[in-house]
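Residue numbers (the numbering used here), protein chains in the order written: chain A, 1 to 346; chain B, 1 to 346; chain C, 1 to 346; chain D, 1 to 346.
These aren't lab readings, by the way, just hints derived from the structure by calculation.
Source: prediction; values computed, not measured.
Check each hint, because a few of them may be wrong.
As the list makes no split between identical chains, a pair holds if one copy fits it or if it spans any two.
[Stated by the list, open to error] Here are the computed lysine-lysine pairs in the DSS-like style, where the Cα-Cα straight-line distance is at most 30 Å:
# : residue 1 : residue 2
1 : Lys15     : Lys160
2 : Lys305    : Lys339
3 : Lys262    : Lys130
4 : Lys130    : Lys43
Below, each chain spelled out in residue letters.
4 protein chains.
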Amino acid sequence: MIYFQCDYVEGCHPKILEKLTETNLEQTPGYGVDRYCESARKKIQTACGLPEAEVHFLVGGTQTNLTVIAALLRPWQGVLSAETGHINCHETGAIEASGHKVLSLPSQDGTITGAQVREYCREHFGSGIKEHTVQPGMVYISHPTENGTLYTKAQLTELKNACREYGLPLFIDGARLGYGLTSPDSDLSLQDIARLSDVFYIGGTKCGAMFGEAVVAANPALAPDFRYMIKQRGGMLAKGRLMGIQFDVLFTDNLYFSICEKAVRQALEIREAFCQAGMPLYGESHTNQQFVMLTQGQMDRLGEKYAYEIWGPGGDGRTIVRFCTSWATRDEDVEALKKDIKALKM
Amino acid sequence: MIYFQCDYVEGCHPKILEKLTETNLEQTPGYGVDRYCESARKKIQTACGLPEAEVHFLVGGTQTNLTVIAALLRPWQGVLSAETGHINCHETGAIEASGHKVLSLPSQDGTITGAQVREYCREHFGSGIKEHTVQPGMVYISHPTENGTLYTKAQLTELKNACREYGLPLFIDGARLGYGLTSPDSDLSLQDIARLSDVFYIGGTKCGAMFGEAVVAANPALAPDFRYMIKQRGGMLAKGRLMGIQFDVLFTDNLYFSICEKAVRQALEIREAFCQAGMPLYGESHTNQQFVMLTQGQMDRLGEKYAYEIWGPGGDGRTIVRFCTSWATRDEDVEALKKDIKALKM
Amino acid sequence: MIYFQCDYVEGCHPKILEKLTETNLEQTPGYGVDRYCESARKKIQTACGLPEAEVHFLVGGTQTNLTVIAALLRPWQGVLSAETGHINCHETGAIEASGHKVLSLPSQDGTITGAQVREYCREHFGSGIKEHTVQPGMVYISHPTENGTLYTKAQLTELKNACREYGLPLFIDGARLGYGLTSPDSDLSLQDIARLSDVFYIGGTKCGAMFGEAVVAANPALAPDFRYMIKQRGGMLAKGRLMGIQFDVLFTDNLYFSICEKAVRQALEIREAFCQAGMPLYGESHTNQQFVMLTQGQMDRLGEKYAYEIWGPGGDGRTIVRFCTSWATRDEDVEALKKDIKALKM
Amino acid sequence: MIYFQCDYVEGCHPKILEKLTETNLEQTPGYGVDRYCESARKKIQTACGLPEAEVHFLVGGTQTNLTVIAALLRPWQGVLSAETGHINCHETGAIEASGHKVLSLPSQDGTITGAQVREYCREHFGSGIKEHTVQPGMVYISHPTENGTLYTKAQLTELKNACREYGLPLFIDGARLGYGLTSPDSDLSLQDIARLSDVFYIGGTKCGAMFGEAVVAANPALAPDFRYMIKQRGGMLAKGRLMGIQFDVLFTDNLYFSICEKAVRQALEIREAFCQAGMPLYGESHTNQQFVMLTQGQMDRLGEKYAYEIWGPGGDGRTIVRFCTSWATRDEDVEALKKDIKALKM
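If we strip away everything but chain A, and leave its shape as in the complex, we get:
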């Protein structure tokens, strides 16, 4: 069975494992203040064009989201998010467990707009009994979105402007950031992301690391004492260097971007194969996740060799199915899949 189910079925990029092995018996202080973390921080600051930014390493995405959001909000505030946002759908109420409502905005493709933020805030702050409803306190987006779609620089700028008007910090969940920034469809750079958000994170788990997400806080004043929050929410790894080493490797010689770019290229080839075979695509993803609507017969035949993810009903008896590539996807597996897709047509 070949897995195209998600982007976390393997371990980590071999260069990371080499470095972990090489440094394994070195002795370093705990909790992320070692020299590997320091080196990784510097490389990330440089890559972001933010030499003063704070950089913290956390183990996983849900943990990162709940820690950042709880650090930014006051108790009476909620977080605006697309209804499809990961924090709203797939984190078992982690945000609510920290006391905050997710204020969901309708979304077709996973993105939200500056206009939506403005309208929500206008209605809330204009209401005579505004204190009977949750105050919008920040905005959460994911880039790429859960649907694989991307914000353009214009859209993100517009969203940031709306946030600024209402004093709302903008937080970008970059669990798959590498796959977004290296899409041929993207006009955003890492420096744009850093400049147009208040806090964001660079996903490691899905982009070549064993685990680990790097939180970048352009404006550290927003979350003073953030290390307390990491510790309190259970996110402070004793052997913090494990994440420092991983991000240090990922941000050396452009590794993070080159391995993600490869995965996107592979995903677009799969997309093209489905197109050519006349199968309807679901949504406009130009990143490492591809969504296609298959008949049961098509699913069965592909399912003999490939693992994919069921996304939901697609209408007309079809099912929306997700195929993911990753830094670890092998070209020969992509070739095989493309051939088998082509065969479906006949």
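Guided by the hints, dock chains B, C and D onto chain A, whose structure is given.
Frame of chain A, contents of chains B, C and D only:
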């Protein structure tokens, strides 16, 4: 500089790294349902003599403590703990952040007794206005304690009996469990721990793993749906197999116990060296942590070559200092330290 | 200005004030264990046909909702509610502040159905990754709903059956219960409400009392130690008897129902007046809240003498406006309003 | 039976009841924005010498404490309090339920000192691993304390200075403030309290009102959007005017202070009677609570006619017992008690 500061300054046991390397590009499903986790679970169940127990893997100790405790308690309940307990002192209020008060009991050496639990419960449940105070809902202990001390089988049995009388689950924080069970001073086996607690965890981070703690719930009914809690609190690792692989290796060929036993032996040698040199020890630790009271001069001289941890003021102008060994401590470093301790005397 | 804005613009029914005055300098123990609370409890148990039910008095609706819901749910659970439910819309995230997500279900008229509950649960519990989403743990409805609509006995029975199938407690917010039970449109009695829910509350604040809501728990096992929760969430009134006295008066000589019935009759007369005058009504309310769609001109003319509440945009340039009656509404004010409505038509 | 058990066994001062009756059927807007609340606010601002202060009315003490403290703290912070503080002992973990640890400081008489605050902060902020422990975020005191003792102006000034040095807001729980300010032993005025704290509350429940506490925030910037918090935590009374009316009456013609002063005079007479009778007093209370150590025989004899509160064991076979007076205590009851105390001696 040679580190005796704590037991998490290195990476992991080489056998673990070998296995991680060997399996690195294998594809497995995420979130802890892969075959490595399954295999590790079976080995742990067998070692505990609890074939029906639930076994879950979490990344770190604070995360484990807050997740288990929040899963067991109802909102109006608190957790009884020694005042020196890790949850009371060194987790940044993680338990309170999940809504529960730590009900601290006085302790000289890090342990608490069945008598203390009975007295607390008798006073609480006997009070006419009991609902104005927090209801004791469970008991937390660490074994070994934060002071390196150990419960005897008689003490633990007595504590468990007191818990049973008041319907309180007993949770054992085993962050350093391996170092406790392999102490020559211990009359408790892993099976005793499993039998005399309701939930406990087998520490990996400090006992040979890169990271990871294995929660063993003898009575799964106490925390139904525990996987929801793990996910909600940010503890569900995407690549769950990383922990399965580590615990699988640790519970193969007795590795967990043999590497911990070695560390305890080294620690007791260091203890003996301090004794011989006439330096007063602090407390009765027979595990991998040793506490000794040093003068400033002694600290300075040892500090030239060795990193240790300042524990607090010791009276008479002395300072309590902690020396830790671990699975990774090298015999030659222990020998050097012993020699330098001996030299202090002269 | 005559207020039809809401049902809490006056103090309390004069009989309550008389009794408060008469007993003012009596001495009683605090916290709701006095003889007035005891007497009120007995009367409510009898009226509900549940002699074993627990009855607790809390000060207000939001407090009651958050206390009951937090007492019933486990941390990984959420509460199913109509998207229009008070807990979802107008309580500033009180439920989320206690750690739980409100799982909203679409609703046209404020009610939800057994079928919706079944479908939600089927999808959740049938999912392979159910622990990545919030577990439905109970169902919240309000009766009458926020839109003034009513459940029929058949609908409520069906909803209760669905809850039972999935082990979900059903909680009924009865902030305006008196106005629901005395509607000519209602086929439900207080005993039906008691029998078809697990916990519900009898609203006092909006139905004749100064303040106070009486929580009735048919199955006390669902929320053992509920008095702890009341105290912890700040709802335990020192002079608890103030609520005992109020509910004792309300449940003497059918007062609660007779004063609510009068208000409903007045509301239906106002409804009829709007109908006759050809103004479109919004929704099918047969309780003390009436919703009508007015033009700006109509709003301005009525607004000269009457206070009403703006509910939202109504389409066609009209606005949905709420007129409320209450136990305190005077017949002459209703007559005046009816005349002025009639005049609008001409 | 005559109650000296606590200061909330009666209803309210008759002048309040008169005003509630007089205004009962008036119509006012809800939620505390009516003219009675407005008038009460102005009178309180004037009495405090803080015309710009925000004044909010909440129903009870626990609710007030939890709402204020949760509004002031960030998630990683705790509140410093005497170990005897009400929030630490008698609120069922309400502060912890809002996510914050109570950082208790030892206290003999219920007060804490500036030196204690400085020492705690110095140790915390000076620690290398400070983020592993809860950050002190504010200071809570009660005045009078739970033991009936009082801060002097010098002590309070010193405490405030310590708070200022570390940027900690000082919050004063004034549940019995009236009884403190009118003690002959007090050198503090209401204006001093207002000037030397950041937030405090004027207790109504125990000082003449049916219920209600008036929160005064000298520096509204500390808790912006405080009305959201009141609503979210269930403390926003629909008929807010009920509290406005009560505080308006209490702050008219010095009523609040004159009725409290009378109670203190009565309490000091009782104290004197115990002294004269040679019974050992417990602590130095010069307010409306008096603590005395009685033998079982003395308790039994007084218990035939009087209700008092058991405070705890007093040593030497004696029990510490509390006698409380209040605004409602009748002089004839005090005389009778004094006579019976005198009789005990013989």
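Structure-based check of each hint:
1. Lys15 <-> Lys160: neither (36 Å within a copy, 49 Å between copies)
2. Lys305 <-> Lys339: The answer is within: 12 Å in one copy meets 30 Å, while 63 Å across copies does not.
3. Lys262 <-> Lys130: Answer is neither; intra-copy 49 Å and inter-copy 32 Å both fail.
4. Lys130 <-> Lys43: Answer is between; shortest inter-copy Cα gap is 27 Å, intra-copy 44 Å.
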